[in-house]
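**Q** Listed below, chain by chain, are the residues.
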Amino acid sequence: MFRTLPNYLKVAVCVKRVVDYTVKVRVKDNKLQTANSKMSVNPFDEIAIEEAVQLKEKKLATEIVAVTIGNKKAEEVLRTAMALGCDKAVHVVVPDAAAEQVEPLAVAQILQKLHDDIKPDIWILGKQAVDGDFGCTAQLLAGLLGVPQGTFASKIEVKDNAVTVTREVDAGHQVVELTMPCVLAADLRLNTPRFPKLPNIMKARKKPIDTLEVAKLGVDIAPRLTTELVTEPEARKAGVKVKTVDDLYDKLHNEAKVL
Amino acid sequence: MLRFSSRMLGKVLVVAEMVNGKASPATLSAITAASQIGPVTALVAGSNAKAAAEVMTKVQSVADVLATAGDHYDHGMPEEYAPLVDAAVRTHGYTHVFAGTSAFGKNVVPRAAALAGCMPIAEITGVKGEDTFVRQTYAGNAITTVKSKDKVKFCTVRGTAFERAAAEGGSAKVADLAALPPVKKSKFVEDKLTTSDKPDLTTAATVISGGRGMKSGENFKVLDELATLLHAAVGATRAVVDAGYVPNEMQVGQTGKTVAPNFYLACGISGAIQHVAGMKDSKVIAVVNTDEEAPFFQIADYGIVEDLFKVVPALTEKVKANGP
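So the protein sequences, as listed, match chains P and V.
The first sequence begins at 2 in the numbering used here and counts up one residue at a time.
The second sequence begins at 11 in the numbering used here and counts up one residue at a time.
Don't take each hint at face value.
[Claimed, not checked] Dumping the calculated PhoX-like pairs for lysine-lysine here, alpha-carbon to alpha-carbon at most 25 Å: (1) P:K207 x P:K89; (2) V:K293 x V:K328; (3) P:K252 x V:K197; (4) V:K328 x P:K242; (5) P:K160 x V:K197; (6) P:K29 x V:K138; (7) P:K32 x V:K138; (8) V:K293 x P:K25; (9) P:K120 x V:K195; (10) P:K242 x V:K138; (11) P:K258 x V:K330; (12) P:K59 x P:K160; (13) V:K157 x P:K32; (14) V:K320 x P:K252; (15) V:K194 x P:K160; (16) P:K59 x P:K204; (17) V:K159 x P:K32; (18) P:K238 x V:K293; (19) V:K293 x P:K258; (20) V:K195 x P:K160; (21) V:K161 x P:K114; (22) V:K293 x P:K252; (23) P:K120 x V:K197; (24) P:K11 x V:K225; (25) P:K11 x V:K194; (26) P:K114 x V:K159; (27) P:K244 x V:K320.
[To be verified] Here are a few chain V residues that sit away from chain P, every Cβ distance over 10 Å (derived from the structure): (28) L19; (29) V65; (30) Q70; (31) A92; (32) R100; (33) G103; (34) T147; (35) G150; (36) D160; (37) A182; (38) A188; (39) P192; (40) K225.
Note that these hints are calculated values from the structure, not bench results.
Since the model is a prediction, treat every value here as computed from it, not as a measurement.
Yeah, the Cβ is synthetic: ideal placement off N, Cα and C, and Gly gets one too.
Based on the sequences and whatever the hints tell you, model everything.
**A** Have a look at this one:
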């Protein structure tokens, strides 16, 4: 039977375990206080997973591999990814002490190594992780692999061996067409992620996770950026609450002089 | 602001972004940040590189302009741009590559860093030394100073953290940089830009934003009227963009735009961490919300617990009566 390539797409998604986005992180003694914080899947990665699952549901993809790089506990985000519809998972295990300092470049270099094994047609990552706020990993991976990138994606269409990506840019949207393999980075408006269903959570417990020790990949994960200082942002001076619009106008006009 | 230029020995390449024939505001801020490190070279590329180079020579603090002619550099495609940046770094020995934090800068700079095997530093808000930079993490809840071990420092620069270099008064020299053959793995299809007669959100002196309390896209008219009078830009929260009330480029926050105007008027916005991350460096913040428990009141200079549909039109009338 004649088959066009898009029917056989393999998609890899990259998932990060981060401090839940609703938690307000504190700084103490030149350190971030993240111990015992609630952890979750990075919100943008949930969107990446959802997009991969939708590609599978549209019969454009046949297999989805979820990848995470992190300490032992990071396994839980892979279970979530599989409960949402990913078929397989790869966990690159990083020792606890080093796990918090793995930078986007090292992540991209690890994913580059995995690329040869997984051989995905499309990588989907989140556009940024809400902890480091770097927003660099997808671009770094695409650069290392020498493949095109579709960052800040709000719409993805796969057709005839090409991926058309609508990107959120400063003044609206930009549409680009990419050859495969390619790396995409999901923006907020790409989709609305679903919640995992209980039976799927149970089933996901039995799905296989391929575990690799980071040391065996031959990637130097020592940070290139050393943190010299961490502080909390300066607190703003307490403001005033006014009772009437007249008061508000008066304050803004005469005191702050902004109206 | 402290100036280190006399002590620092960097040589900075600023990847310039041109918008409507002018250097973008983000590029001008990046030039200011770059000038604290050493002599600044601006890179322009595209089918009208010559005209762009002419514009860049006049920008304050720019010493040299590299111009690359080639229509494959139009539309800022990173697959074409990153190898060009990498080639410029290898030929001319730049120690730093800077660009503004815009969709263009965020797309191109990390890819160029990958080609050089370097770790990019996103959205710097301060330059402490030639290898030491300040940036924010966790939605602006932590201010981090990082020191880079990389040979070349690839940074995007947060526009609101640095003054913009003056567009006139400079006198840089222009040199040609040879174009590379097109990579052709990606193709520009089209731009779907929203035209707006209002000032640019990221550079406006006054920003008026609406949140879920606006209840509909139609209701943004109420903000528009005051914004027009004040020559202000109108912003929004993720919630209202997601609801389809307003287009995505109006989103202020951790994953939208970062603004730091003189005056930020927040209407019907609760003040979630993610929104506040994009505007908390505003000089004066006023909050209008019917919920007196809204977290936004904690950072507001002025707050009023009242319906925005009463407050905003009343303010509009008062501004009309008294002049802005």
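**Q** Flag every earlier hint the structure violates by its number, smallest first.
**A** Violated hints: 3, 10, 24, 31, 34, 35, 36; rest satisfied.
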